[in-house]
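Please model the entire structure based on the sequences and the hints provided.
Spelled out, the chains give:
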Amino acid sequence: MFKIISANSIRKGFSALVVVTLTTLLSFTAHAADPIKIGAVAPKTGPLAGGAAVTQWPNIELWVKEVNARGGLKLKDGQRMLELIEYDDKTNPGEHIKAVQRLATQDKVDFIVAPYGTGFNIAAAPIYAKYGYPQIAVSAISDKMDELTARYPSLFFTLGTTTAFVNGVKDILAGMRDSGKIGNKIAMVNVADAFGIELAEAARPIFKDAGFDIVYDKSYPLGTPDLSPVVKGAKAAAPDAFVAWSYPPDTFGLTEQAIIEDLQVGAYYTAVATCFPAFGQKFGSKIDGVFGAGGVNPDTEEMQAYFKRHKEMTGKDADYWASANTYVSLQILEQAIEGVGDVDREAVTQYIKDNSFDTIMGEIKFDNQISHKFWTVGQWQDGVFRGVASSNMDGVAEIKEKSGWN
Amino acid sequence: MDILISGLLLGGTYVLIALGLNLQYGVARIMNLANGEMLVLGALASFWMFVSSAVSPLLTLILVIPLAFIGNWLIYRLLLIPLVRRARHQGQLEVDSILATFGMSFVLVGIMVALHGEYFTYSFLARPITILQSTVALNRLVAFGFAVLIGALLVLWLNYSRAGMAVRAVAVDPASARLVGINVEKISALAFAVGGSVAAVAGVLISTFITLDASVGVIFTMKALIIIIMGGVGDVRGAIVAALILGLVETLVATLIDPGLTLASAYLIFLLVLLFKPQGLFGRAQT
Chain A
1 MFKIISANSI
11 RKGFSALVVV
21 TLTTLLSFTA
31 HAADPIKIGA
41 VAPKTGPLAG
51 GAAVTQWPNI
61 ELWVKEVNAR
71 GGLKLKDGQR
81 MLELIEYDDK
91 TNPGEHIKAV
101 QRLATQDKVD
111 FIVAPYGTGF
121 NIAAAPIYAK
131 YGYPQIAVSA
141 ISDKMDELTA
151 RYPSLFFTLG
161 TTTAFVNGVK
171 DILAGMRDSG
181 KIGNKIAMVN
191 VADAFGIELA
201 EAARPIFKDA
211 GFDIVYDKSY
221 PLGTPDLSPV
231 VKGAKAAAPD
241 AFVAWSYPPD
251 TFGLTEQAII
261 EDLQVGAYYT
271 AVATCFPAFG
281 QKFGSKIDGV
291 FGAGGVNPDT
301 EEMQAYFKRH
311 KEMTGKDADY
321 WASANTYVSL
331 QILEQAIEGV
341 GDVDREAVTQ
351 YIKDNSFDTI
361 MGEIKFDNQI
371 SHKFWTVGQW
381 QDGVFRGVAS
391 SNMDGVAEIK
401 EKSGWN
Chain B
1001 MDILISGLLL
1011 GGTYVLIALG
1021 LNLQYGVARI
1031 MNLANGEMLV
1041 LGALASFWMF
1051 VSSAVSPLLT
1061 LILVIPLAFI
1071 GNWLIYRLLL
1081 IPLVRRARHQ
1091 GQLEVDSILA
1101 TFGMSFVLVG
1111 IMVALHGEYF
1121 TYSFLARPIT
1131 ILQSTVALNR
1141 LVAFGFAVLI
1151 GALLVLWLNY
1161 SRAGMAVRAV
1171 AVDPASARLV
1181 GINVEKISAL
1191 AFAVGGSVAA
1201 VAGVLISTFI
1211 TLDASVGVIF
1221 TMKALIIIIM
1231 GGVGDVRGAI
1241 VAALILGLVE
1251 TLVATLIDPG
1261 LTLASAYLIF
1271 LLVLLFKPQG
1281 LFGRAQT
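So the protein sequences, as listed, match chains A and B. Residue numbering for the first sequence follows the working numbering, starting at 1 and increasing by one per position. Residue numbering for the second sequence follows the working numbering, starting at 1001 and increasing by one per position.
Everything labelled a hint here was simulated from the structure, so no lab data went into it. Mixed in with the good hints, there may be bad ones.
To be verified - Coverage of chain B stretches by chain A, computed from C-beta distances (three or more under 8 angstroms per stretch; other residues unrestricted):
(1) 1005-1019
(2) 1105-1117
(3) 1124-1131
(4) 1210-1224
(5) 1251-1258
As the list claims (entries may be wrong) - Computed list of chain B residues with no C-beta within reach of chain A, every gap over 12 angstroms:
(6) Leu1067
(7) Phe1120
(8) Phe1146
(9) Tyr1160
(10) Ile1206
(11) Leu1261
(12) Leu1272
Positions of the beta carbon are idealized from the N, C-alpha and C atoms, including for glycine.
Okay, here's the thing in structure tokens:
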């Protein structure tokens, strides 16, 4: 009896010893090329999860896979692979901040991908700044950028300002009016959420100063199950153009109602998610000529290669707007880390400020931590959502006239 | 006329959303916080069948009804029966079931995110149709038709069948129902499973005209809760009337006053009902 037990425990002790030795050996050999730890916090659940699943997560996946496929990032002390640590912020700023804290103190990640959503980028900026992580914000549109970048020296913006977005729409509409394609009556609606309210407030004076008459101006709550009263109301005001500062579920809902009500306008614009491939798949040829936020120039070699890789590596289509910008932000981070040759966050932040970057959207550089190269308005033209208005982008497409909903 | 028709159609949508939870909460006494997720699961099935193999959502229904029935019956028999048995009184079961189904809702959201984290959006019967000079979407009309059908079937079943009578008896008083020889656990499982199927059917139909995503379920649970509390817990007629009132009022406010006030108006009626008839429109006063 005793013998058996002791024989057993000896065997156990021996195997434990082997395990310990092996682990020591393994950790020792791994030490030479520790991976660079990259953290990512964005919604996988909650109201913004659907958008993040299109724009944010696939690009992080794509970038990490690509870098690792070529053996990692080239630093001074050799190549190092990337290790990705993901957290779901549940579309809750409190959760986001907790996750960043965990990444910084527990996981001790070297860099963190900037949050998804305007509110999140602004709410979490102090915590990124506190730990000195460069925050290259993409999905964030605000007029308070100068103020924010002055306060947080490691915060960068890449997607444009609220005013730039509204001006993009205004310029398109004014151009169409001046060439006699539409009159000057605009029906404007917005989702009653920080994003929609800020854009609608910026748009009112801009449209008025441009000589437009806003004949219908209403908001609706996020998640409204029936948007037909909104579209019926807009139609009754007999507008020449329809502009909606909308979020994904209502971008789909408003457009479906506009088709059903046969809302005849010379220009029809919905904001976020108009650029999603799912939008084109849902409505097919009916939405030819529809305007939306964002855009790309799909004809450049770099963009075509990017779309192809995105589809191959993630199994999903990239959207026709911020997908590319998100990927660009990771290219910038990558080039800055390799440029410094080290994971020193302060040096990387300084490198981003001082240098220009060669990306799939051309050369990008920051002026007071803000990039002024972005698309503002796109249009569905024969199954592709092309950029038709931009700030400093090449390859702006001609506007196509919209002919009904067929 | 526009308001009346749009309002009725929206009310029909709300009927679909509320009936499932009404059976689960009113009869089986399970405050099922995962009810909205069951609805979204139906929507996901419909979206997935439509996009991957171009199957009409109406055909998907035939598949979804038995699956949801069996799934919910199993959930009740395996996960919820232990809670029912150990509960000493109604309040304890309510707290326990809220906690258990709250957890279940996270599991379901997680599964759906893994299956399809993006929006479930597709076009089905998105054609205009004119009724009494008012333009409506055909998919909404179809959903309304199903709401009427399901509502009528449930009312008939509950009022004119033996099983339905047993269900009503359990809804009124589980303890006394047992005394007259009703197998309360069996009836509760049946009500829970029927409720889950109704929620899944609602999801299939709603997904044809509302864009959903994996984590939107809680919004439907909340809406359903408001409606069944307004209508009177466990009363199918009450839920139908409350849902139609809510749809009409929201459309009226959106058309005549401001679409921004629809939510406020919904909560205002809810408050008024709670103030003046706290047991719900059709609810019986507690004895």
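Quick rundown of the hints versus the structure:
1. For the region 1005-1019 of chain B, the stated coverage by chain A is satisfied: 4 residues place a CB nearer than 8 angstroms to a CB of that chain, which reaches the threshold of 3.
2. Coverage of the region 1105-1117 of chain B by chain A holds in this model, with 4 residues showing a Cβ closer than 8 angstroms to a Cβ of that chain against a need of three.
3. Counting residues of the region 1124-1131 of chain B whose C-beta sits closer than 8 angstroms to any C-beta of chain A gives 3, which meets the bar of three, so the coverage hint holds.
4. Counting residues of the region 1210-1224 of chain B whose beta-carbon sits less than 8 angstroms from any beta-carbon of chain A gives 8, enough to reach three: the coverage restraint holds.
5. Beta-carbon proximity to chain A at under 8 angstroms applies to 4 residues in the region 1251-1258 of chain B; the threshold of 3 is reached and the given coverage holds.
6. With a least beta-carbon separation of about 24 angstroms from chain A, Leu1067(B) lies farther than 12 angstroms from that chain, consistent with its non-interface assignment.
7. Not every Cβ of chain A is farther than 12 angstroms from the Cβ of Phe1120(B); the closest lies at roughly 9 angstroms, contradicting the non-interface assignment.
8. For Phe1146(B), the requirement that its beta carbon stay farther than 12 angstroms from each beta carbon of chain A is met, with the minimum near 16 angstroms.
9. Consistency note on Tyr1160(B): stated as away from chain A, and its beta-carbon is indeed over 12 angstroms from all of that chain's, at 32 angstroms minimum.
10. Non-interface call for Ile1206(B) relative to chain A: violated, since the shortest CB-CB distance, roughly 8 angstroms, does not exceed 12 angstroms.
11. Some Cβ of chain A comes within 12 angstroms of the Cβ of Leu1261(B); the nearest lies about 9 angstroms off, and the non-interface call is violated.
12. Every CB of chain A is more than 12 angstroms from the CB of Leu1272(B) (nearest about 20 angstroms), matching its label as outside the interface.
Figure legend: structure checked against the earlier numbered hints; hints not met, in rising order: 7, 10 and 11.
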